[in-house]
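**Student:** Going down the list, the sequences are from chains E and R.
Each position in the first sequence, counted from 1, maps to that position plus 26 in the working numbering.
Each position in the second sequence, counted from 1, maps to that position plus 260 in the working numbering.
Among the hints, a few may not be true.
As the list claims (entries may be wrong) - Dumping the calculated EDC-like pairs for lysine to aspartate or glutamate here, alpha-carbon to alpha-carbon at most 16 angstroms:
no., chain 1, residue 1, chain 2, residue 2
1, E, LYS161, R, GLU276
2, E, LYS185, E, GLU145
3, E, LYS49, R, GLU276
4, E, LYS187, E, ASP150
Hints are computed from structural coordinates only; laboratory data are not their basis.
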Amino acid sequence: MDNQNDLGEFVRLMQEHKRIVYKIGISYCSNREDREDLAQEIIYQLWRSGHTFRAGQKFSTWMYRVALNVAISFYRKRKSAQSVVAYQEHLADLADQEENDDENELEKARRKLQQCIRELKELDRALIILFLESKSYREIAEIVGITETNVATRISRIKEKLKQKLQPINN
Amino acid sequence: MEDEYLQGVWNSPDREMEQFVEAKDPSFEMVQLKKAKVKLRSLLLPKIIGIALGLGWMAFMFLLLRLSFHYSTNSLGKFFFMGSIGIIFLSTGIAVALYAKDLFTLHQIDHSESVVQTQRKLAELNESILNSVRIAWLQLPFYTTFYLNERLLSHAGPIFWIIQILATGTSLWLAIWLFRNIRHKNMQNKRIRNFLQGYGLSTLLQAGDFLNEIANFGQAAESDPTE
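Between the sequences and the hints, there should be enough to build the whole structure, so can you do that?
**Tutor:** Right, dumping it as structure tokens:
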């Protein structure tokens with residue numbers, strides 16, 4: 027992607043798949059400012075990695091790989107300043123609780139689900155995002171780089187964890 | 261709880277997402293792209309400064325070596341000075357070169373490979389920065405020998421010798437111990453962890469821990485002991 031046409035095509039594809047960038051951002055960063063930083067970094071790396079996209083490859087599969095890799099690396103960099111991250115997450119959760127007062131049950135459940143996902147390990151988060159995005163186990167295995175059996179077993183365990191955490195809201 | 265329920269909650273209307281997705285400005289991505297480039301440059305800056313400082317230090321050592329080679333007479337003092345400074349120059353050079361190479365490779369890494377593959381490569385690279393740390397520490401004892409000369413050696417009293425032997429011996433022991441022990445397989449050692457944390461190298465520790473996590477993740481889930 028190095029000429030004006032490619033740039034136009036890139037902007038179009040980004041506009042079309044922006045939702046993915048947001049969903050990954052919210053799963054790796056609790057704080058809005060960080061999410062914006064991560065979105066920038068994902069878009070930049072997608073642009074930089076444009077040459078690795080092969081014709082015939084599914085765009086969303088390629089995009090998920092780049093975006094998840096960037097998100098995990100971004101999260102790990104932030105994690106090294108652990109106390110700052112913990113404090114920011116605490117503030118973000120407090121802000122969430124305040125906002126929750128005006129929200130309906132579904133919105134509350136969504137926030138709780140997003141929060142529970144952020145409590146998972148980085149690689150497990152990638153798996154559950156892909157599952158929630160209705161990707162097949164085969165595609166998930168291709169994006170993450172583990173076997174389909176492994177994907178199935180892990181997703182079932184993650185769902186179990188989420189179920190336990192979300193139960194109080196569900197009842 | 262059904263899968264459909266979880267997926268329904270996940271896909272339920274989200275005001276923040278709608279705002280993000282509906283940002284109609286056609287230049288939005290370009291602005292983001294530009295901002296991200298600036299940010300990346302600012303992230304790289306401290307690392308580039310680190311390399312520049314290393315090169316500056318090497319240039320200073322090189323200048324000292326040249327001056328000593330041309331202007332001082334052959335003596336035991338010259339031997340100690342040039343030998344010590346030469347080793348400091350060499351180990352700094354190797355450490356800077358390894359660090360620069362790893363940073364360059366990190367910058368070039370392909371993010372479109374599978375998540376496990378890319379993250380493993382990134383963690384391995386981060387960890388290989390350990391090699392520059394190990395080599396850099398090897399120069400430590402030579403900071404306690406460059407000033408030795410014939411006059412000092414023949415006229416120094418016992419207090420000098422006690423301090424000299426303690427300083428050289430301790431730094432030699434520390435340099436060898438760190439060179440031998442700062443390795444991936446020793447990352448669980450409490451002393452090594454404390455040392456790396458103390459020197460602000462906790463990212464290297466995390467890289468090591470993450471490598472173990474990836475190894476477990478890639479194995480068949482049925483035999484995963486961490487779950």
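**Student:** Run every hint past the structure and note whether it holds.
**Tutor:** Here is what the structure says about each hint:
1. At most 16 angstroms may separate the alpha-carbon atoms for a hinted pair to count; LYS161 (chain E) and GLU276 (chain R) exceed this at roughly 23 angstroms.
2. Our distance criterion of 16 angstroms between C-alpha atoms is met by LYS185 (chain E) and GLU145 (chain E), whose separation comes to about 13 angstroms.
3. Using a Cα cut-off of 16 angstroms, the hinted pair LYS49 (chain E) and GLU276 (chain R) holds, with the two alpha carbons roughly 11 angstroms apart.
4. Distance restraint check for LYS187 (chain E) and ASP150 (chain E): the Cα-Cα separation of roughly 11 angstroms lies within the 16 angstroms cut-off, and the hinted pair is therefore satisfied.
In this structure, the one hint that does not hold is number 1.
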